[in-house]
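S.K.: Sequence:
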Amino acid sequence: MRTKIIAGNWKMFTTPTEGDQLADELVTSLKNIDLGNKRVIVIPPFLHIRSIVSKFPDMTQVSVGAQNCHFETEGAYTGEISAKMIKDAGAKYVIVGHSERRQYNHEDNALLYKKVRAALDQDLTPIYCCGETLQQRENGEYFETVSTQINEGLFDLMPDAIGKIIVAYEPVWAIGTGKTASPEQAQEIHAFIRNLFAGQYGKEIAERLIILYGGSVKPSNAKEIFGMTDIDGGLVGGAALKASDFTAIIQSA
Numbered sequence: 028m029r030t031k032i033i034a035g036n037w038k039m040f041t042t043p044t045e046g047d048q049l050a051d052e053l054v055t056s057l058k059n060i061d062l063g064n065k066r067v068i069v070i071p072p073f074l075h076i077r078s079i080v081s082k083f084p085d086m087t088q089v090s091v092g093a094q095n096c097h098f099e100t101e102g103a104y105t106g107e108i109s110a111k112m113i114k115d116a117g118a119k120y121v122i123v124g125h126s127e128r129r130q131y132n133h134e135d136n137a138l139l140y141k142k143v144r145a146a147l148d149q150d151l152t153p154i155y156c157c158g159e160t161l162q163q164r165e166n167g168e169y170f171e172t173v174s175t176q177i178n179e180g181l182f183d184l185m186p187d188a189i190g191k192i193i194v195a196y197e198p199v200w201a202i203g204t205g206k207t208a209s210p211e212q213a214q215e216i217h218a219f220i221r222n223l224f225a226g227q228y229g230k231e232i233a234e235r236l237i238i239l240y241g242g243s244v245k246p247s248n249a250k251e252i253f254g255m256t257d258i259d260g261g262l263v264g265g266a267a268l269k270a271s272d273f274t275a276i277i278q279s280a
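Using our numbering, you'd call the opening residue of the sequence shown number 28 and step up by one each time.
If you are wondering where the hints come from, they were derived from the structure by calculation, not from laboratory data.
It cannot be assumed that every hint is accurate.
No more than 25 Å apart at the CA atoms, straight line, and that leaves these computed lysine to aspartate or glutamate pairs for DMTMM-like [what the hints assert, rightly or not]: (1) Lys114 x Asp85; (2) Lys141 x Asp115; (3) Lys191 x Asp135; (4) Lys58 x Asp47; (5) Lys191 x Glu168; (6) Lys245 x Asp47; (7) Lys191 x Glu179; (8) Lys114 x Glu168; (9) Lys119 x Glu101; (10) Lys82 x Asp150; (11) Lys82 x Asp61; (12) Lys119 x Asp85.
Restraint ranges, calculated between C-beta atoms of paired labels, are given here [said to hold, decoys possible]: (13) Thr87 x Asn166: 41 to 51 Å; (14) Tyr131 x Ser247: 26 to 36 Å; (15) Ser247 x Pro186: 33 to 43 Å.
Here the structure is a predicted model, which is why all the values come from computation and not from measurement.
Every residue, glycine too, gets a C-beta built ideally from N, C-alpha and C.
Between the sequences and the hints, there should be enough to build the whole structure, so can you do that?
M.R.: Structure, rendered in structure tokens:
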């Protein structure tokens with residue numbers, strides 16, 4: 028049975044002071060529930076990482092991640108953050124290829140492959156994002172889009188490396204719009220993704236792969252979404268900024 032993972036992406040929200048307060052609220056909320064075999068990942072802005080890591084010293088099922096990394100270990104890349112820095116700050120995960128990075132920073136699959144490799148080289152777990160825009164969905168191009176993103180971003184990895192990554196499917200048309208893919212739509216694409224990995228690496232590796240859903244997950248829809256066969260949790264955006272909502276989503280997994 029695959030582990031359920033709920034990851035909260037804070038994006039460019041909260042100052043360090045506000046982030047500390049939110050983390051404190053999360054500590055209080057999570058201590059009051061049984062996490063079972065679930066894992067929780069808190070993904071704040073870079074500035075917050077070391078402080079947020081210190082908030083969960085005794086909560087082994089809660090880890091911290093970063094929202095992006097550079098593909099080089101170090102160098103003259105002003106304003107960038109390396110996977111080596113992220114690891115030293117205490118984080119264990121890093122998002123690679125979020126739709127907002129693809130859109131606003133023009134990150135393509137070849138670049139993202141290098142970022143995945145950089146993360147793995149530092150023993151970080153990449154959370155590799157894929158997903159289609161509204162136009163691609165309406166044009167019936169979503170299978171092709173997702174297949175290309177995965178093929179070019181991940182399929183040069185060796186089989187043992189695939190066991191160290193997480194995939195997050197983001198229907199871009201459902202992020203921040205209030206729209207949500209139906210549980211059936213989400214399951215369809217998650218099953219498609221798992222079958223892609225089965226074709227490339229074999230059924231055993233594909234069955235172990237954790238695939239998260241990242242499209243406007245809320246307390247009101249989380250249980251139904253997480254009940255789908257191939258959905259192993261969520262990459263949560265706005266709802267992760269309120270401790271009570273994020274906790275409710277975790278409980279739904």
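S.K.: Against the 25 Å threshold, does the CA-CA distance of Lys119 and Asp85 hold or violate the hint?
M.R.: Status holds; Cα separation ~16 Å.
S.K.: Could you see if the CB distance from Thr87 to Asn166 stays within 41 to 51 Å?
M.R.: holds, 45 Å
S.K.: Is it true that the CA of Lys245 sits at most 25 Å from the CA of Asp47?
M.R.: holds, 23 Å
S.K.: Need the status of pair Lys82, Asp150: alpha-carbon distance at most 25 Å?
M.R.: Given that 25 Å is the threshold and the Cα spacing comes to 22 Å, the pair holds.
S.K.: Would you mind confirming whether the straight-line C-alpha gap from Lys191 to Glu168 stays at or under 25 Å?
M.R.: The given pair, whose Cα atoms are some 28 Å apart, is violated under the 25 Å limit.
S.K.: Holds or violated: are the alpha carbons of Lys191 and Asp135 at most 25 Å from each other?
M.R.: With Cα atoms ~21 Å apart, Lys191 and Asp135 stay inside 25 Å; holds.
S.K.: Starting from Lys141, check that the Cα of Asp115 is at most 25 Å away, please.
M.R.: holds, 20 Å
S.K.: Given the hinted pair Lys82 and Asp61, is their alpha-carbon gap at most 25 Å?
M.R.: holds, 18 Å
S.K.: With the threshold set at 25 Å, check whether the alpha-carbon distance from Lys114 to Glu168 stays at or below it.
M.R.: Answer violated: Lys114 to Glu168 is near 37 Å, above 25 Å.
S.K.: Are Lys119 and Glu101 close enough, with their CA atoms no more than 25 Å apart?
M.R.: At roughly 19 Å apart (the allowed maximum being 25 Å), Glu101 and Lys119 satisfy the hint.
S.K.: For the pair supplied as a hint, Lys58 and Asp47, is the alpha-carbon distance within the 25 Å limit?
M.R.: holds, 17 Å
S.K.: Check the following: the C-beta atoms of Ser247 and Pro186 are separated by a distance inside 33 to 43 Å.
M.R.: holds, 39 Å
Figure legend: structure checked against the earlier numbered hints; hints not met, in rising order: 5 and 8.
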